[in-house]
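Student: Heads up: take any position in the sequence shown, counting from 1, add 18, and you land on my numbering.
FYI, nobody ran anything at the bench for these hints, they're computed from the structure. Hints should not be assumed to be uniformly reliable.
Said to hold, decoys possible - No more than 20 Å apart at the CA atoms, straight line, and that leaves these computed lysine to aspartate or glutamate pairs for EDC-like:
(1) Lys503 <-> Glu491
(2) Lys450 <-> Glu208
(3) Lys307 <-> Glu491
(4) Lys534 <-> Glu572
(5) Lys500 <-> Asp562
(6) Lys373 <-> Asp498
(7) Lys180 <-> Asp481
(8) Lys297 <-> Asp456
(9) Lys592 <-> Asp260
(10) Lys334 <-> Asp456
(11) Lys380 <-> Asp587
(12) Lys600 <-> Glu208
(13) Lys503 <-> Asp532
(14) Lys534 <-> Asp481
(15) Lys380 <-> Glu572
(16) Lys512 <-> Asp456
(17) Lys380 <-> Asp532
(18) Lys500 <-> Glu565
(19) Lys231 <-> Glu392
(20) Lys134 <-> Glu155
As the list claims (entries may be wrong) - Restraint ranges, calculated between C-beta atoms of paired labels, are given here:
(21) Thr350 <-> Trp586: 20 to 28 Å
(22) Lys623 <-> Val56: 53 to 61 Å
(23) Gly608 <-> Thr350: 21 to 29 Å
(24) Asn247 <-> Gly375: 23 to 31 Å
(25) Lys623 <-> Asn103: 37 to 45 Å
(26) Ala609 <-> Lys226: 30 to 38 Å
(27) Leu106 <-> Asn553: 47 to 55 Å
(28) Asp621 <-> Asn103: 53 to 61 Å
(29) Met605 <-> Pro29: 30 to 38 Å
(30) Thr327 <-> Gly348: 28 to 36 Å
(31) Asp587 <-> Phe149: 54 to 62 Å
(32) Glu415 <-> Thr496: 52 to 60 Å
(33) Lys132 <-> Lys623: 42 to 50 Å
All C-beta atoms in this analysis are idealised placements derived from N, C-alpha and C, irrespective of residue type, glycine included.
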Amino acid sequence: MSGDKRIKDTPAPLAELMMSQDPARLQVLMTTLSLANVESQGLLADVMMGSGPLGTVSQGDPMRVGEAFRAVGWSFATNPAAMFNANLELMTSWMKLWQEMAMEAVSGPTEKEKDKRFSDPEWASNPGFRFIRKAYEVNANWMNSLADQAPGLPENLQLRAKFFTQLLTDTLSPTNYLGSNPTALRAFFETGGQSVLDGLRLARADVKKGGGKLYISQTDETPFKLGENIATAPGQVVFRNDLIELIHYAPTQEKTYSRPLLIFPPWINKFYILDLQEKNSMIRWLVDKGVPVFVVSWRSADEVTQDFTWDDYVQKGAYAAVEATMQAAGATGVNTVGYCIGGTMLSSALGHMAKTGYDKIKSATFFASQSDFELAGDLKVFTDGPGRGYINGIIEENGGVMPGSMMYETFNWLRPIDLVWRYVIDEYMLGKSPRPFDLLYWNADQTNIPGKVHQRYLKDCYDENRLSTGSFEVLGETVDLKQVKIPVMVQASKDDHICPFESVYRTALVFGGDTKFVLSGSGHIAGVVNHPDANKYQHWLNPDLTETGGEWLENAEEVPGSWWPTWWDWLRPKSGRKVEAKQPKDMGLGAAPGTYAKVRLSDIKLPV
């Protein structure tokens with residue numbers, strides 16, 4: 019039986035499938051292709067009448083990619099030895115490939131080198147596809163190494179060249195094109211061309227959804243509704259101003275700890291990543307531990323908040339939420355959490371509180387959050403002069419607001435293989451409709467950001483690293499995070515592409531009190547939101563903070579499973595004594611998840 023299943027699961031060789039096309043099948047194929055031609059013309063017309071597949075501010079070279087590539091070229095042109103070595107490396111790799119082809123011994127990838135893009139058996143069994151794969155790998159690896167080999171290249175130009183070279187080589191992968199993707203070709207013949215026709219129709223639907231701009235649908239969003247099948251933890255909105263709603267979640271224990279936990283999620287996305295489903299809800303897990311949980315839900319930037327500043331987020335966000343939480347919980351202090359940019363804001367607020375003597379926050383935990391941006395990774399491409407100029411143009415074109423749709427695209431292009439090309443292939447080449455997935459629904463449920471807030475974040479934090487160097491201003495005061503003496507835990511995720519591990523580790527060194535660092539497996543989301551019951555991934559612990567994250571990890575202990583229990587062991591002693599549980603008060607503001615979280619981008623009309 020197992021042998022039969024193996025044969026059944028192994029796709030037919032492409033050559034065999036092509037030879038089996040009889041006249042009747044070819045007639046169906048040609049008919050379907052004529053319909054596909056009509057759809058492709060319609061797709062082109064849809065794009066031409068819209069804003070184009072590259073989106074807004076797409077004219078010219080606003081990110082000055084050409085400048086970076088020219089700098090690499092000039093570096094090699096003025097350093098003959100470096101050029102010789104680079105050319106020799108390419109020539110040697112090609113000579114090795116030709117030798118392997120001549121001996122019919124093209125090597126497959128090692129376990130470490132395996133690339134899921136080339137998982138179709140045709141890439142290994144078909145000599146033509148083997149050569150295409152290896153030729154692509156030779157050229158891509160060489161191109162991606164050039165910026166590192168170019169002598170004397172300024173750091174900002176090197177980062178820009180590396181980032182866009184990687185995008186270019188990812189785009190040029192043979193898997194992204196019908197004629198050189200065996201999986202897509204097989205589907206084309208097996209379905210009589212219907213896969214291509216369906217893919218074009220899906221592409222047209224996405225262009226229509228994006229108003230003439232290709233907006234790749236990663237999931238079927240129709241089954242999801244906030245408060246009904248996602249974000250269902252019971253609670254009440256107990257405070258609202260024009261920037262935040264504060265949600266108090268209902269306790270599940272008769273007694274709870276006296277000190278509440280106040281969570282500041284990022285305003286780039288919505289808070290309910292912490293409460294997607296019952297099985298993975300951090301909010302429910304904390305409530306079941308007896309913690310009084312309060313969460314800030316940020317308002318998506320609109321005509322009311324479009325001119326808000328960083329100081330507004332500190333005053334109307336951090337300070338207002340702390341005071342409202344203490345009032346609702348009957349407490350004199352709070353523990354806090356800051357996730358991603360919510361943590362950056364929290365650390366800046368803590369600096370201001372330390373300077374002014376405000377002592378209501380008793381501890382802070384940071385999820386995948388940066389206060390030191392020296393090693394902030396690929397996002398720094400968007401924070402030098404050309405990058406900020408590009409972002410400023412987008413903000414100006416959108417009435418002073420950074421639109422959530424552009425943030426969505428930016429984060430997708432940080433991981434294009436997984437978040438762009440995977441869906442291009444599955445949907446537009448294989449004709450597969452996207453499936454419902456709660457995490458991808460949340461990922462697509464973006465928020466707008468006030469332009470002034472976003473511009474300051476990019477300039478003062480990413481580009482000038484002011485927050486970690488004691489030159490960041492909050493509410494008229496220059497803050498120094500070394501003055502923050504409260505207990506701090508900093509969590510990083512090992513494979514985080516948004517807030518890299520080494521960058522977050524440096525954040526653990528900027529505070530002046532007792533700081534604990536924990537590293538989790540996986541990335542920016544799964545590394546943080548990893549319920550212990552899932553028994554997934556691992557985390558690393560080391561009580562000693564060394565100079566670099568790499569040194570810290572060398573001597574760290576690897577612990578199987580979620581990092582949440584380790585966090586709870588740290589947080590529980592800081593949560594006070596047990597008291598009678600306090601139910602959320604109905605303030606007439608509605609039940610969780612509140613109204614701000616339910617506002618979609620399509621509901622907001624921005625002035626232009």
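Student: Determine for every hint whether it applies to the structure shown.
Tutor: Structure-based check of each hint:
1. Lys503 <-> Glu491: Since the Cα atoms of Lys503 and Glu491 sit roughly 19 Å apart, the hinted pair holds (cutoff 20 Å).
2. Lys450 <-> Glu208: At roughly 14 Å apart (the allowed maximum being 20 Å), Glu208 and Lys450 satisfy the hint.
3. Lys307 <-> Glu491: violated, 37 Å
4. Lys534 <-> Glu572: Status holds; Cα separation ~16 Å.
5. Lys500 <-> Asp562: holds, 18 Å
6. Lys373 <-> Asp498: Holds: Lys373 and Asp498 sit about 8 Å apart, inside 20 Å.
7. Lys180 <-> Asp481: holds, 18 Å
8. Lys297 <-> Asp456: holds, 12 Å
9. Lys592 <-> Asp260: Violated, at about 31 Å.
10. Lys334 <-> Asp456: violated, 30 Å
11. Lys380 <-> Asp587: holds, 16 Å
12. Lys600 <-> Glu208: violated, 62 Å
13. Lys503 <-> Asp532: holds, 7 Å
14. Lys534 <-> Asp481: violated, 27 Å
15. Lys380 <-> Glu572: violated, 31 Å
16. Lys512 <-> Asp456: The given pair, whose Cα atoms are some 23 Å apart, is violated under the 20 Å limit.
17. Lys380 <-> Asp532: holds, 12 Å
18. Lys500 <-> Glu565: holds, 16 Å
19. Lys231 <-> Glu392: violated, 34 Å
20. Lys134 <-> Glu155: The hint holds at about 13 Å.
21. Thr350 <-> Trp586: 20 to 28 Å: Since Thr350 and Trp586 have Cβ atoms about 22 Å apart, the given range 20 to 28 Å holds.
22. Lys623 <-> Val56: 53 to 61 Å: With Cβ atoms ~34 Å apart, the hint is violated.
23. Gly608 <-> Thr350: 21 to 29 Å: holds, 28 Å
24. Asn247 <-> Gly375: 23 to 31 Å: Taking Cβ atoms as reference, Asn247 and Gly375 lie about 46 Å apart, which means the hint is violated.
25. Lys623 <-> Asn103: 37 to 45 Å: At roughly 56 Å between Cβ atoms, Asn103 and Lys623 fall outside 37 to 45 Å, so the hint is violated.
26. Ala609 <-> Lys226: 30 to 38 Å: holds, 35 Å
27. Leu106 <-> Asn553: 47 to 55 Å: Check passed, 49 Å falls within 47 to 55 Å.
28. Asp621 <-> Asn103: 53 to 61 Å: holds, 56 Å
29. Met605 <-> Pro29: 30 to 38 Å: violated, 59 Å
30. Thr327 <-> Gly348: 28 to 36 Å: holds, 32 Å
31. Asp587 <-> Phe149: 54 to 62 Å: Between Asp587 and Phe149, where Cβ atoms are some 55 Å apart, the hint holds.
32. Glu415 <-> Thr496: 52 to 60 Å: Violated, since Glu415 and Thr496 (Cβ atoms, about 33 Å apart) do not stay within the stated range.
33. Lys132 <-> Lys623: 42 to 50 Å: For Lys623 against Lys132, whose Cβ atoms are near 47 Å apart, the range 42 to 50 Å holds.
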